[in-house]
Each structure stands twice: as C-alpha cells, then as structure tokens.
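Chemist: Listed below are the residues making up each chain.
Number of protein chains: 2
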Amino acid sequence: MTQASICTIGDEILIGQIVDTNSSHIARALNELGIRVTHMVSIGDDHQSIISQLKEELTNNDIVIVTGGLGPTKDDITKKALGELSGSRWELGNLEQNRIIRRILHSRGLDALDINLSQAMVPDTCEVIPNRKGTAPVMAFRFGEGPVKPGEADHVPSPTDFGHACVLYSLPGVPFEAIGALPDIIADIRAHFALTHITHKTLMTYGMAESALAEMIAPWEDALPADMHLAYLPNQLTGVRLRLSIYGGDQSEQEQRIDAEFARLKPILGELLYAEEDTNLQTVIGCLLKGSGQTLSVAESCTGGMISHLLTTVPGSSEYYLGSVTSYAIPVKEAVLGVSGATIDEQGIVSAAVAAQMAEGARKLTGSTFSVSTTGWADAYGDEREPAGTVWVAVSGPEGTRTARFNYRNDRQRNIERFAASALNELRKYIAKSLALNK
Amino acid sequence: MTQASICTIGDEILIGQIVDTNSSHIARALNELGIRVTHMVSIGDDHQSIISQLKEELTNNDIVIVTGGLGPTKDDITKKALGELSGSRWELGNLEQNRIIRRILHSRGLDALDINLSQAMVPDTCEVIPNRKGTAPVMAFRFGEGPVKPGEADHVPSPTDFGHACVLYSLPGVPFEAIGALPDIIADIRAHFALTHITHKTLMTYGMAESALAEMIAPWEDALPADMHLAYLPNQLTGVRLRLSIYGGDQSEQEQRIDAEFARLKPILGELLYAEEDTNLQTVIGCLLKGSGQTLSVAESCTGGMISHLLTTVPGSSEYYLGSVTSYAIPVKEAVLGVSGATIDEQGIVSAAVAAQMAEGARKLTGSTFSVSTTGWADAYGDEREPAGTVWVAVSGPEGTRTARFNYRNDRQRNIERFAASALNELRKYIAKSLALNK
Chain A
-2 MTQASICTIG DEILIGQIVD TNSSHIARAL NELGIRVTHM VSIGDDHQSI ISQLKEELTN
58 NDIVIVTGGL GPTKDDITKK ALGELSGSRW ELGNLEQNRI IRRILHSRGL DALDINLSQA
118 MVPDTCEVIP NRKGTAPVMA FRFGEGPVKP GEADHVPSPT DFGHACVLYS LPGVPFEAIG
178 ALPDIIADIR AHFALTHITH KTLMTYGMAE SALAEMIAPW EDALPADMHL AYLPNQLTGV
238 RLRLSIYGGD QSEQEQRIDA EFARLKPILG ELLYAEEDTN LQTVIGCLLK GSGQTLSVAE
298 SCTGGMISHL LTTVPGSSEY YLGSVTSYAI PVKEAVLGVS GATIDEQGIV SAAVAAQMAE
358 GARKLTGSTF SVSTTGWADA YGDEREPAGT VWVAVSGPEG TRTARFNYRN DRQRNIERFA
418 ASALNELRKY IAKSLALNK
Chain B
-2 MTQASICTIG DEILIGQIVD TNSSHIARAL NELGIRVTHM VSIGDDHQSI ISQLKEELTN
58 NDIVIVTGGL GPTKDDITKK ALGELSGSRW ELGNLEQNRI IRRILHSRGL DALDINLSQA
118 MVPDTCEVIP NRKGTAPVMA FRFGEGPVKP GEADHVPSPT DFGHACVLYS LPGVPFEAIG
178 ALPDIIADIR AHFALTHITH KTLMTYGMAE SALAEMIAPW EDALPADMHL AYLPNQLTGV
238 RLRLSIYGGD QSEQEQRIDA EFARLKPILG ELLYAEEDTN LQTVIGCLLK GSGQTLSVAE
298 SCTGGMISHL LTTVPGSSEY YLGSVTSYAI PVKEAVLGVS GATIDEQGIV SAAVAAQMAE
358 GARKLTGSTF SVSTTGWADA YGDEREPAGT VWVAVSGPEG TRTARFNYRN DRQRNIERFA
418 ASALNELRKY IAKSLALNK
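As given, the protein sequences belong to chains A and B, one line each in that order.
According to this note's numbering, the first sequence is numbered sequentially starting from -2.
According to this note's numbering, the second sequence is numbered sequentially starting from -2.
In short, the hints are calculated from the structure, not lab data.
Misleading hints may appear alongside valid ones.
If you want the footprint, here are the derived chain B segments under chain A, 3+ residues with CB under 8 Å [to be verified]: (1) 19 to 29; (2) 38 to 45; (3) 176 to 185; (4) 363 to 376; (5) 384 to 398.
Using N, Cα and C, we set each Cβ at its ideal position, and we do this for glycine too.
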C-alpha cells in the first residue's frame, strides 16, 4: 500500500497560535485514494529541523506532503531547506507563477515588488505546479527511480537518493491555497503512482449515535463480502457518515456491488438516511428547496442564531431562505413571534407548546412555507420541568406543526451545536415528506 | 530551555476524520510556561509505531504529552504500549479513578461493567492524576534521574532510561477531557521542572492587520528593553493579540515593568485596544453590559445569524441580549425591521442607509438600548454600487446611529466571519463610549 506523511512547517503551529486544519483535509483526500497516511508532524521554522525531519519522512514513505513556510518574508525558509535537501545548485524563475503573482497583486491594486517576484524563484530540482490561488508556487520534488511522466524524458531527477522512489510536494500554508492546490496534487499522484483503484460510496445518517447505529446494522455489516470495508465517520453537526470501500477491480462493477449492498441497508436506516453522498444537513435542505418555489424561516432561542448561520453557509441560500428571529428574551418571543404569555406560564419556556408557537410565529411573520424553532437549556442548569441539555424543536409547514424533544449531556457550546443539528434534521425530514406529498 | 513534544494517537486523525485541536491548546499552555514545543506528531493505533515514536520523542525532549488511545475498547492500545515502553511488569487498579468511573456511569444511569472498570487499571510504572471529566485516568511516567516530588521517596522510577530526566504524560483524546486535565498537568510540570519563571501580559486589539499594526507600533517596539519579547497573535474573530513576555526575575516587579511599557503603548493603540487580558469581542461587550441595565439586539443580513451566535456563546448573555432578526430576504427587511423600499431602491441594499434602518428597526422591535446591523456581499459578486466583500455596519443607541463600511477579499465563509467581527467591534466602541458618557 502506498504510504504518505504530512508535514506542517511553522512556529505558529508549535506555539499553539493556530490549529492545523490542512493536514486533516489532505489526509482525507489521500485516504480516499487508498493511500495510507502513517504520520503527521509539525515542525518549526528551523533549517536543520526541516531537513532532518523531511529526510526521515522520505526514507519511510512514498509520498511526503509539506505545507507552510513559503511566504515572501525571511522567517519562511521551507524553499531554501527543500533546495538543500534535494541537492539543488541554483534557483530558476518560473514564468507562469511570475505571471500569477503579478496578476494577483494587480487585482489588489499593488505593484509587484522584488520580494513578491522572488516567490516565483524555485530550486532547479523541482517541478512547479502553478498555484492560481496565491503567490507561492506549489513544488514537486521527485527522488529515486520513480516513473517519469510522458514528455518528461529531459527531466533531471534530484541527485539525492532515499533508496526508493518517492516524491515530496510543497504547498502553501494558507488553508485557502493549500486546499485549492489539492486537486492538482491528487492528479499528479494518480499520474505517478500505480495506485490500486479504490471505489467509495457514502451514506449520510443523522439521529443515532455511532455505537447504537453499529449495533442496529450489525447483521447487515456481518454479511458484507470480505473485500468490502465499512467505515463509521461521526461528526457533531453532520451525523454519522457510512462509507463502503472496495480495493481493486473494475470501477463500475464495484460501484454496482456497493449499490446493491446499500440497497439492502437503506430500509434498515429508514429516516436516519439523508443523503447518498458526502454532504451536510443544511445543503440537503437547500437541495430540497431550490427550484421548489418553497421558502424557509427560523425562530431560535437557545441556539442563538446558529441554525440561521448554518443555513446561510450554503451558497445560493438566499433563493429560499427568508430569515430568522432569535428571541433570546421572553418579551421578544411574545412581541415578535406572538408566543402566548399564558402558555409560557403553564407549560414552561422550554416546552413543546412554546416551540410550536415560535415556529408558527416565524412562518406568519415572514410568510415562509416552512419554519423551524428551538427552545432549550444549553447550559448546565434547567428548570423544574426540563433538565439541563434539553431542547424542544418544532417544525411548521403546510402539514401542520410537529414537535420533538432531545436531551444531550455536553457543555454549553456542544449542546448548542447538537441542538442546531437536531433541529435541521427535523426540518429536513418534514420538508422531504411535504414535498413528496405535494408533488 | 525546557523542550516538549506533543503526540496524538489515533487512526481517526490520520484518515482525516477529525481535526486535532488538543495539540494547539496544549502548545499554547506550554508556551505560556516558557517551554519550547519542538514537535507535534500524530501516529496511528499501532503498537510498534507508538513505542518507537515515543522513544524518539523522549530521547529528544524533557516533556512528552500524549493524547488519545485510552478508551475501553480493543482498538485503544496506548496504555499497553506505555506499559511496555516504561518496563512495567503488571497493572494496578487505581482506587480514585475506579470511584470516578462508577460515579460517572451512575450519573448516566448505567452500571459499571468490567470493561469500564478496567480503565482504572494502570501500569505499575506510572503515577495516576485522577481525571474527573471522564473514565480514562491521566498518567505520568517519569524516566531517568528527575527530581522526586516531596513525600514521594518510595516512588519506583521506570527502569527505562533515555539518558536524561524526562516525563511522559498520557491524556485522554476527548477534547473536553484533555483540556480539563491540562491544569493538573501544568501544576505537575511546575512542581517537577526548574522552569524559568515567565511573566506575560496581553493586550487585545481589533481593527488593524498584523503587518500595519507592527509598522505603527515599531518605534515603541524598537525601544523595548532587550529582555522583553513581543508576540503578535492574530485571529480572524478576535483581532491581533499583543503579548509581552519576560523570562526570569521577580514576578511582581516584572509585571510592573510590562505595565509601564503597555502604558506607553495604549495611547498609540487608541480605540484599537479593547481588553487587557486574553478574551474576545463578545465577552468584552458582555462585561460592559452586565449589571448596566442596558440591553442589546441585532439585525443581520449577510452575516446570517453569526453575530447573534457569537453573542450567545457568552454564558449569562441572556441578562442583556434580547434577540435578533436575520432579514435575509428584502420583504423581511421591510416588514419586520421597517426598512424603506424607497431607500433600498435609491441607495442599494448594501448601503449605509439600509444598515442604519435595520439597526433602528431592531431597536424599535425589541426595545433594546443598543443594536447592531450588517448588510453586505459575502460572496464573490457585488452589485453596481458596492463590490464583493463589502459590508455596511450600523450601530444604533441613545447617541444616535453610526455607520461604517468594510471591504475584505476572502471567500464566503471568511468574509462572513470578518463581517461579524467588524460589527462586534463597532458595537463595542459605541457601547463603551455611551456608557462612559452616561455614567
């Protein structure tokens, strides 16, 4: 199995200033290619540390992906270290990256200074993969007797030898640029490595914890063919992703085999299943509503704006999303959403009745087809009626108003997230049924 | 300088399923103690990899902090590897962790099974630091000729020798538990290592990019005494943190010296300065409003609920925060917030006038003392009046309504975050002035 290591360079990681999210993105992409990531490591902006660490990683792996340390200032020293590591004798200017640098600076109303254009200079031992998202070039260093790309017979390999064919990719540290360069890296890896083809398919579920889900589908899982591998990938906001993989074989045939297994699984999952590709609840809600002419509004209390925030992370959400009211204070619940003070007194502020009136109030206020609401105790305390960690969710629409109760045992932040995701899931189920009924 | 390494164990990191946030937290805590983190590494749940990696880290560092791999199931193998690494011959039951396990399961309405209680069994070469947040014990393994804690003369050190005194701490991987255990680890490090005392003080700024800020305060920075170190710690949501540190000396004397330097810096920072401790904008707004009897509301458009979400991350925010309207659609702006259709036609939807009417509308609707609003283009396109990345912010209150315009050049998600933070900063400045005026 092809093995890879991911290295992050930069003092800002080691002093805890920023969280490294690039490595996780890259690892997921490699994992989907069937490449095993053996190691992730973060090192500081120190010439000798970079060289000795990368030597070790190249000795032990087929692919090493490095992010960071490519900025134009003096403290970014990755390029120099890579030049030394690969036995480079001089740097060459890369015309395409030079043009990109000038274009990016021009779009910001700036002239390209020498310090900017120096970013297009690269060690003569590398190949440049142009980086269209930023000024630092992406570089590939090939070591040893690796396969040579078509039309690349004149490529001079690095004089450094790690005893086996391996490649080092150097990416910028800025997540927007690193993630932007990833498709080019993946394409290069596919072109240069004889990867066993891996076929993946994903089902998204929401509403059952990983362990309970595993127990529920165990008979199905136990009957899977030996060459199929099932992975459970849980996430607080998107639920549990179920991914089936097969190594090797003909892709369309393997896809059909996976589809056949998933066809057996779907009736077991029932309403837990919400998508047959890697996505999230708010995107699925958007797909349901786009082009339907139907609209959506939100009334939040304990979730404080998070549901609205998640819905508006979907590009194009303004087509169906009208808006929300966060009624944190009781008078706002009454005056803006029309919740009855008597209901609050009789049923409690965290109750099915208040959630229902909030959702109905939002729908009336905005004229939306659907609405969703939350009222709950996110903090470590509740009241005499409902304990801490309880939320009531209501969904209102053409088929009336439905409510559901959830209880979680986390801290404030995590409760808010789980409340918001649970509300989105209730909303998703309601909309899917409603649109199916009215087709 | 004392050196440390942070190791994360778990296949879920290497396949990109979860982002490791523990290492960043731990690195920040160590950095504040004056300990240099040389290395962060993630390895899989593989016995030999764990042992060989930890040997290397212990050889090169004084402190190694390991997170993850302590769960009760078979795939969590860190404890067994640590037992072998430290030359343990058997496992002992820890009474205190045993009690904690039973108490935690009891609070969840569960009986403690053998598999649960087995978590209290630890290698005889370690000291247990009870973990009150979860079932897995925190363990400290001391190697070599390290100082012995008072009253610990009977402690048998590990037979393994890395040629120098070093310690390995093993923490659970669940962030809530790992971060929860950190104060105990810090206390243990302080007790066992002769750390040079380090005095830190932090100023929080918002409103100027790191590079421009550095240029502005360069004369002050250049005049700092040689033993003072200034760090710039930028964050998208909280602005640039300025931290002054001094190694050694008498703490209260060093604090006075830092205060004297900061006293010279404050007039240069002016309104950019928003706090003299490590905090964020929404918490500072909460501190201003708590106990003042004044209240707050929000009207959002392009930020989609994020300002409201950030405000309600502050525990106790219900004391002053009444609620918000996210008016994503124009009819909601008009009907709920009372924005004039004529103004939208004449000035554009992204304009000072619309922002002002939104803020005034939210204040009127909720009866709050203050309100803040946003209207902008977060996406890659604008209109004929304002380009992509532009936001208009308005703050309304007893001193009238003020507006401000910002332009950023990021993707949708990052623009939404910067818009929200800029709005919170405008709100913070307005409230601070208003409360000062009306004292």
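Chemist: Decide, hint by hint, whether the structure agrees.
Modeler: A quick look at each hint next to the structure:
1. Counting residues of the region 19 to 29 of chain B whose C-beta sits closer than 8 Å to any C-beta of chain A gives 9, which meets the bar of three, so the coverage hint holds.
2. With 4 residues having a Cβ less than 8 Å from any Cβ of chain A, the region 38 to 45 of chain B passes the three-residue criterion, so the hint holds.
3. For the region 176 to 185 of chain B, the stated coverage by chain A is violated: 0 residues have a C-beta nearer than 8 Å to a C-beta of that chain, whereas at least 3 were required.
4. For the region 363 to 376 of chain B, the assignment as covered by chain A holds, since 3 residues bring a beta-carbon within under 8 Å of that chain's beta-carbons and 3 suffice.
5. Judged by the Cβ-Cβ criterion of 8 Å, the region 384 to 398 of chain B is not covered by chain A as claimed, because only 0 of its residues qualify and three are needed.
Against the hints set out earlier in the document, violations occur for numbers 3 and 5.
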